[in-house]
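Colleague: First to last, the protein sequences are chains A and B. Under UniProt numbering, the first residue of the first sequence carries the number 1, and numbering increases by one thereafter. Under UniProt numbering, the first residue of the second sequence carries the number 1, and numbering increases by one thereafter.
What the hints contain is simulated information worked out from the structure, not anything from laboratory work. Glycine included, every Cβ here is placed at the ideal spot set by N, Cα and C. Any given hint might turn out to be false.
[Stated by the list, open to error] List time: in silico DSS-like cross-link candidates among lysine-lysine, alpha-carbon distance up to 25 Å:
hint: 1; chain 1: B; residue 1: Lys112; chain 2: B; residue 2: Lys90
hint: 2; chain 1: A; residue 1: Lys79; chain 2: B; residue 2: Lys336
hint: 3; chain 1: A; residue 1: Lys150; chain 2: B; residue 2: Lys126
hint: 4; chain 1: B; residue 1: Lys302; chain 2: B; residue 2: Lys287
hint: 5; chain 1: A; residue 1: Lys55; chain 2: B; residue 2: Lys406
hint: 6; chain 1: A; residue 1: Lys79; chain 2: B; residue 2: Lys331
hint: 7; chain 1: B; residue 1: Lys112; chain 2: A; residue 2: Lys150
hint: 8; chain 1: B; residue 1: Lys168; chain 2: B; residue 2: Lys112
hint: 9; chain 1: A; residue 1: Lys77; chain 2: B; residue 2: Lys327
hint: 10; chain 1: B; residue 1: Lys302; chain 2: A; residue 2: Lys55
hint: 11; chain 1: A; residue 1: Lys77; chain 2: B; residue 2: Lys406
hint: 12; chain 1: A; residue 1: Lys77; chain 2: B; residue 2: Lys309
hint: 13; chain 1: B; residue 1: Lys302; chain 2: A; residue 2: Lys77
hint: 14; chain 1: B; residue 1: Lys121; chain 2: B; residue 2: Lys90
[Claimed, not checked] A few chain B positions that, by computed beta-carbon distances, are all more than 12 Å from chain A:
hint: 15; residue: Ala115
hint: 16; residue: Arg117
hint: 17; residue: Lys126
hint: 18; residue: Gly128
hint: 19; residue: Leu271
hint: 20; residue: Arg404
[To be verified] Negatives, chain B to chain A, calculated, CB over 12 Å:
hint: 21; residue: Asp59
hint: 22; residue: Glu60
hint: 23; residue: Glu103
hint: 24; residue: Val330
hint: 25; residue: Phe397
hint: 26; residue: Ala430
hint: 27; residue: Glu445
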Amino acid sequence: MDGLILQILNGLDKGSAYALIALGLTLIFGTLGVVNFAHGALFMIGAFCAVTISKILNISYEVVDPNQTDFLGNPLKVKTPYVESWFGPEMGTSIIDWSVPLAILLTIPVMMLIGLIMERGLIKHFYSREHADQILVTFGLAIVLQEIIKYYFGANPIQTPPPEALQGVANVGAAFGMDLPYPIWRIVYFCFSLGIIGAVFAFLQFTTFGMVVRAGMADRETVGLLGINIDRRFTIMFAIAAAVAGLAGVMYAPINPPNYHMGMDFLVLSFVVVVVGGMGSLPGAVLAGFMLGILESFASTTWATTTLPGINQIIIYLVAIIVLLTRPRGLMGRKGVMEE
Amino acid sequence: MSKSNFTRRGVLKTGAVAGAGLALPTIFTAQSGHAFTNDPTGGSVTLGFNVPQTGPYADEGADELRAYQLAVEHLNGEGDSGMLNTFTSKELQGNGILGKKVEYVTGDTQTKSDAARASAKSMIEKDGAIMITGGSSSGVAIAVQGLCQEAGVIFMAGLTHSNDTTGKDRKANGFRHFFNGYMSGAALAPVLKNIYGDDRKAYHLTADYTWGWTQQESIAAATEALGWETVNNVLTPLASTDFSSYIAPVLNSGADVLVLNHYGGNMVNSLTNAVQFGLREKVVNGKDFEIVVPLYSRLMAKGAGANVKGIHGSTNWHWSLQDEGSKAFVKSFGTKYGFPPSQAAHTCYVQTLLYADAVTRAGSFAPCAVAEALEGFEFDGLGNGKTLYRAEDHQCFKDVLVVRGKENPTSEFDLLEVVEVTPAAQVTYAPDHAMFGGADASLGECNNGA
Numbered sequence: 001m002d003g004l005i006l007q008i009l010n011g012l013d014k015g016s017a018y019a020l021i022a023l024g025l026t027l028i029f030g031t032l033g034v035v036n037f038a039h040g041a042l043f044m045i046g047a048f049c050a051v052t053i054s055k056i057l058n059i060s061y062e063v064v065d066p067n068q069t070d071f072l073g074n075p076l077k078v079k080t081p082y083v084e085s086w087f088g089p090e091m092g093t094s095i096i097d098w099s100v101p102l103a104i105l106l107t108i109p110v111m112m113l114i115g116l117i118m119e120r121g122l123i124k125h126f127y128s129r130e131h132a133d134q135i136l137v138t139f140g141l142a143i144v145l146q147e148i149i150k151y152y153f154g155a156n157p158i159q160t161p162p163p164e165a166l167q168g169v170a171n172v173g174a175a176f177g178m179d180l181p182y183p184i185w186r187i188v189y190f191c192f193s194l195g196i197i198g199a200v201f202a203f204l205q206f207t208t209f210g211m212v213v214r215a216g217m218a219d220r221e222t223v224g225l226l227g228i229n230i231d232r233r234f235t236i237m238f239a240i241a242a243a244v245a246g247l248a249g250v251m252y253a254p255i256n257p258p259n260y261h262m263g264m265d266f267l268v269l270s271f272v273v274v275v276v277g278g279m280g281s282l283p284g285a286v287l288a289g290f291m292l293g294i295l296e297s298f299a300s301t302t303w304a305t306t307t308l309p310g311i312n313q314i315i316i317y318l319v320a321i322i323v324l325l326t327r328p329r330g331l332m333g334r335k336g337v338m339e340e
Numbered sequence: 001m002s003k004s005n006f007t008r009r010g011v012l013k014t015g016a017v018a019g020a021g022l023a024l025p026t027i028f029t030a031q032s033g034h035a036f037t038n039d040p041t042g043g044s045v046t047l048g049f050n051v052p053q054t055g056p057y058a059d060e061g062a063d064e065l066r067a068y069q070l071a072v073e074h075l076n077g078e079g080d081s082g083m084l085n086t087f088t089s090k091e092l093q094g095n096g097i098l099g100k101k102v103e104y105v106t107g108d109t110q111t112k113s114d115a116a117r118a119s120a121k122s123m124i125e126k127d128g129a130i131m132i133t134g135g136s137s138s139g140v141a142i143a144v145q146g147l148c149q150e151a152g153v154i155f156m157a158g159l160t161h162s163n164d165t166t167g168k169d170r171k172a173n174g175f176r177h178f179f180n181g182y183m184s185g186a187a188l189a190p191v192l193k194n195i196y197g198d199d200r201k202a203y204h205l206t207a208d209y210t211w212g213w214t215q216q217e218s219i220a221a222a223t224e225a226l227g228w229e230t231v232n233n234v235l236t237p238l239a240s241t242d243f244s245s246y247i248a249p250v251l252n253s254g255a256d257v258l259v260l261n262h263y264g265g266n267m268v269n270s271l272t273n274a275v276q277f278g279l280r281e282k283v284v285n286g287k288d289f290e291i292v293v294p295l296y297s298r299l300m301a302k303g304a305g306a307n308v309k310g311i312h313g314s315t316n317w318h319w320s321l322q323d324e325g326s327k328a329f330v331k332s333f334g335t336k337y338g339f340p341p342s343q344a345a346h347t348c349y350v351q352t353l354l355y356a357d358a359v360t361r362a363g364s365f366a367p368c369a370v371a372e373a374l375e376g377f378e379f380d381g382l383g384n385g386k387t388l389y390r391a392e393d394h395q396c397f398k399d400v401l402v403v404r405g406k407e408n409p410t411s412e413f414d415l416l417e418v419v420e421v422t423p424a425a426q427v428t429y430a431p432d433h434a435m436f437g438g439a440d441a442s443l444g445e446c447n448n449g450a
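The following block holds chain B by itself, in its conformation from the complex (with noise of 0.2 Å):
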C-alpha cells in the first residue's frame, strides 16, 4: 500500500501559483488575452487610407493622400515632424506607432458607398489594415464606418459633414475630426444676421442626399432662430449639372438670400448659375440679394472661380490660420507639395496622428482600447485650438471658421478669408440632440473584431 504525499493545502497552494503562472500574460498585456483583427505581430503596422483616387472628388482624394503620406513620414520620424512638434500630446516620438513602422495601403472609393465599402474590406482582409480612414462623402463615410463597425477596425473618417455620420448613425468603432452641418449653421447664422440683419427670406437649393438633408436642416434652423424666414427648400438630385431651371424660381420667389446646400460640383456649377442669372445684382424687398454657400472647400472654391467673391460660408480649417500648429503643418505639406493644404488634407493628417496618439497612450492596437483612449481626449496644436473627442458620440468640438471669398486674391490659393473664428462653446450641442438621432442615437458596443 503506498502513501500519497498530496495533502489538500499542498493542492490549493500548487493550483494558486499555476493559476497565476497562467493568468500572468493576460494582466500585464492585454492584447494577448484577447485577440483583435489585424494584430500587428511583426515590426510594422498597416493603415488603410480609403480615399476618392477616381470620380468627382478626385482632386480632393489626391490632396487627403498627400496628407496621409506626410503624416506616414512623421511618424516614422522621416520630414520636419511637422504638428508631432505643436501637439499637446507628446506619445509620438517618431519611432512609429508602439515601436513599429508605419506603412500604408490606398484604396479607391469612387466616391461610392458600395466601391468605398469593398476597397476598405479588401485592405482589411487582404492587406491586414488596423486602422481605416479617409474619404470625401458623407454617404460614404457612414457606408465605411459600418463596415470597419462589423469587422473589429477603428475608422477614423475624412471629410464628412452629414450630422449623421456622428449622430443617428454614430458607431463605436467610427470617430470623426471634421465638423458638421450643425456645426455650420450654429457659426454662420450669428455672422449673417450681423451682416445681412435678421429679416431675410431665404431660399434653398438642397442636394438630395444625407449631407444637404442633415445641412438644410440645421441651416434653416438656425438662421431661422435668428430671425429669417425660409421660403422654400428644394432638392436637388446629386447628378444635377445645370440648374438653370432650379434658380429661375428664385427671381420670382420673394427670397432675398440664396442657400446653397451643395458641394462639389453640385456648388461650382449651381453658384456659377446663381450668378449668370444676376441674383448678386438684383435687389429684393429693398435689399441686396445675397447668396450663401454654408460648407466651403478652397478646392471647389477655385473650380467656382470668381463666382466666390464676397460670399460667405463656413469651413473646418485653412491654410491662413496663424497658430502654431496650423503653420508648422502649412509648411511641411508646402515645402513638400509646392501648394498650401485643403482642409481636407488638414483633417486627414491629423485624425493619422490622432489615433497614432491614442494606440501610444493605450499601449495596444486593440479597437476597444483605441475608442476608450480616444473618448474624451482633450487636446490642442493640431490647428483648430483646443478640440475634445467627445465620449457620446466620437465627434470632435473645436472652433469653427466663417469665412468669405476674396475680393482681391493675390494667387490661386488665396481664395478664401477668415471672417470669423467662432468659439468651440458656440458650435457644442447634447449629444441626444434630436438632428443627431435624439434620446435612440447609440455608439452601439466597441468590437475588437476576431
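The shape of chain A in the complex, shown without the other chains (with noise of 0.2 Å):
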C-alpha cells in the first residue's frame, strides 16, 4: 500500500512537468495554431536560468593560501563569493542557498522576452504554412537553442540543489499513521505545478485579456471582425506559454541535474499528453499530463517490468493508441481543432 501511494506521488510528479509543458504547448497551438517543438528547449532553457542565478552569485575573488596546494603543487587559490563578502559569510551563504527560488524572479521576464523574440522574429512568418514546416522550423531552433546552452555549460549535468531547508524528506502519511517519506522538494514542485495550472486558467477564465484570447481561440476571424487586435494577444499568450514552460524548468533544475538535452527529453512525452488530451484542449492537457504521469510511474515498478517486461518504455505510447482509437480526438478534444 506504502509503494502504491509513493508512486501515486511520483507519478503526479512527473505527471506536473508533463502538464506544465504541455499547458504551454496547448496555449501556443490553440492561439496561434503552431506546432512548437521548441517548447521542450524553453522548458530547458528554465532549468538552465536557475544554472546561471546559481554561478552569478557564486562568482567569487581568489585568495592565494599559502598552506594549501592545488593539483599541480602550487599555492592554493582559495574562492570566497563576492556575495559572502558583501553581505557577510551567513547571510551570503544563504542568498547562495536559496538560488533556485531566486530565479524564479529573473525566468519570468527572461522566458518572456524570449518567447517574444521566438514569435514575432520567427514562428510568425510560418502562420500560413503548412504544420510539417512549422514542426521542422521549431524542431530545428530547439537544436539550436541546446547547443548554445551546451556551447555555453558544457554537455554533463550541472547539480543545482533545492534550499537546505527544503532538501530531505517529509512523512506525508503521517497524519494517517502511514510511513510515506517524499522528498520534500518534490511536494513543492508539485504544489507549484498546480498554482501555475491554476494561475493560468483564471488568467482565462476571470480576466477581459483572458475572455478575449478564449474568444479568439474560438472563432479567431470574429474577433477580428470586432476590431480586437487579437494577433497582438496571442503573441502575449505566447510570451505567457514560454514562462510557463520556463517556471516547469527552473523549479525542476533540484530534481533532476539540468543538462542541454533534457528538453528533448520531455518533449516528445508532452506532445504525446497533448495528443491524447485533446488538440487545443487545455483541461485535457493538463489531465493527460496528471494521468500519463501516473501510468509512467506504475509501470516502472518492479511488479510491472517483471510481469511485461518493458512495459515502462511503451506505457505511455500504448495508452495513446488506445485512446485515439477509441477517442480519436483525445480525452477532451474538440470537434474541428486539426480537422479538416
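Take the two lone chains, each set in its own frame, and fit them into one complex as the hints suggest.
Modeller: Here it is, written out as C-alpha cells:
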C-alpha cells in the first residue's frame, strides 16, 4: 500500500512537468495554430536560468592560501563568493542557498522576452505555412537553442540543489499513521505546478484579456472583425506559454540536474500528452499530463517490469494508441481542431 | 649447329642467386612483403581519434581529445614529454613513430554505435588512419572494434568497462587498457565488506545495455561471494531521466544497500534521486542504508555534486596518485589545459603511447606485427603500476583504485579520494572465465587488411 501511494506521488510529480509543458504547447497551438517543437527547449532554458543565477551568485574572488596546494603543487587559490564578502558569510551563504527560488524572478521576464523574440522574429513567418514546415523550423530552433546551451554550459549535468531547508524528506502519510517519506522539494514542485496551472486557468477565465483570448481561440475571424487586435494578444499568450515552460524548468532543476538535452527528453512525451488530452484542450492537457505521469510511474515498478518486461518504455505510447482508437479527438478534444 | 653454354649446374646456381635477390626485400622488411591497410609511405603517419564530440558524453570526449593531442605533441618531441620520461620502455624518442611525424584526424562517435562506426570507417578509408582509438561507451567500443577487425587496423579502446569488450566480443585487432566490470567487483567487494560488513542485502538498479548487464553480474557475484545477498536487480532504460519510480520500491524492499550500475547522466540522476528520497538517512535491518556506485568518474562526480560524499566506487586512475608516471601526466596536462585530467583522458593518452611503442618495438606499422608486440607486453611508469597486456584477451591487468566521494573537497576537482589501491593479482581472472565468454571466446585471426 505504501509503495502504491509513493508511485502515485511520483506520477503526480512527473505529471506536473508534463502538464505544465503540455499546457504551454496547447496554449500556443490553440491561439496561434503552431505546433511548437521548441517548447521542450524553453523548459530546458528555464532550468538553465536556475543554473545561471547559481553561477552568478557564486562569482568569486581568489585569495592565495600558502598553506594549501592545488593539483599542480602550486599555492591554492581559495575562492570566496562576492555575495559572502558583501553580505557577510552567513547571509551570503543563505542567498546562494536560495538561488533556485530566486531564479524564478529572473525566469519570468527572461522567458517572456525569449518567447516574444521567438514569435515575432521567426514563428510568425510560418503561420500560413503547413504544419510540417512549422514542425521543421521549431525543431531546428530547438536544436540551435540546445547547442547554444551546450556551448556555454557543457554537456555534463549541473547539480542545482534546492535550499537546505527544503532538502530531505517529509512523511506525507504521518496524518494517517503511515510511513511515507517523500522528498520535500518534489512536494514543493507539485504544489507549485498546481499553482501555475490554476493561475493560467484563472487568467483565461476571469480577466478580460483571457476572455478575448478564449474568444479568439474559438473564432479568430469574428474577434478580429470586432476591431480587437487579436494577434497582439496571441503574441502575449506565446510569451506567457514560454514563461510557463520556463517556470516548469527552473523548479525542476533541483529534481534532476539540468543538462542541455533535457528539453528533448520531455518534448516527445509532452506532445503525446497534448494529443491524448485532445489538441487545443487546456484541461485535457493537464488531465492527460497527470494521468500519463501516474501510468508511467506504475509501469516502472518491479511488479510491472517483471510481469510485462519493457512495459515501462512503451506504456505512454500504448495508452496513446488506445485513447486515439477509442476517442480520436483525445480525452477532451474539441470538434474542428486539427480537422479539415 | 650451335653449341649451348648452359649447363644444369649453371642454371641451378643462376636460379638460386636470382631467387635470393628477389626474396631479399621480403626477408629483411616484413612491410613490403605483406601489404596492410593504410601503410604510411610518406613522412607522416595518421592516427584516428574517435571520441564523442556531441551527445551526452561530449565533455568526456573533449577530455579524451585533449589527452590525444598531448600524446601527439609528446610523440613528436614537443612539450615536456610527459610520461615518455617515466615509461619503462625507452623506445620512443620524441621523433614521431618510426621516424614519421604523427598526425591525427578526429571523428565524432556521438555515443551511437552506427555513428561511431561511420566516423571510424571514414577516418580509415578517406583519411588513411592506421589506428583508431577512443570512445566513452562499451556499446560503441564493441561496434568500432568489430569494424577495425574487418578493416585491418588496430583499435586501442578508450573508456569501455563492459566485460564483453575483451570477453565474448574480444578481437585480435582490439586492445583495452581500461579496467572492466569484473575488476571493479573484485576490487570493491572486499572493501565494502570491511566497511559495511558481510551481512548485507543489496538492491541493484542497472542500465539496460551491455555495460550495465556485465557490471551488475560482476558486482553481484563478487559481493555474494563475500556473504551479501542480492535482493533484486531492476533494469532501467538507458533513456531514463527520472529514477523516482525505481527508487521508491527500494524503500520497502528490505535492502540496506543500493548499487547503482549507472554511468554518465544516468548515474548523476539516479544518485541525486536516491539521496532526495532520504536513502542515506535510512536505517534498515539495524544498519545505516548505503549507496554504492561501482564505476566512478570525476566528471560524473562533478555532475552529482555533494551527493557523492562518502559513496564508494572504483576507478581506473585518479589524478591524485603520487607515482612518477601519474605526476608527470598531471603536470603536462594541467599545465597545458589548467585542470587535472580525467580517467578517460589518462587511458587514451596511455593507449596512444602504448601503440606507438609497440610499433617501434615491432619495427612495423603492420597491425599483426603491432598486435604481436603488444601481446604479453609488461610495462610500468604509466600511472597504474606494473601492467600486463595479456596475450589471450588483449586486456590490461594492473592495480585498480577503490575511491570514495570526498567529504571536504578543497576544489572543484578534488571530489574523490583513493581508499585502496587493489593489486593487479586480486583482479586477475582466467581468460576463459565464464563472465568473459568462457572457453568459446576467441580473439580470432589478426587482420592486416589490404
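Colleague: Give me the numbers of the hints this structure contradicts, sorted from smallest to largest.
Modeller: Structure breaks hints 1, 3, 4, 14, 19, 21, 22 and 24.
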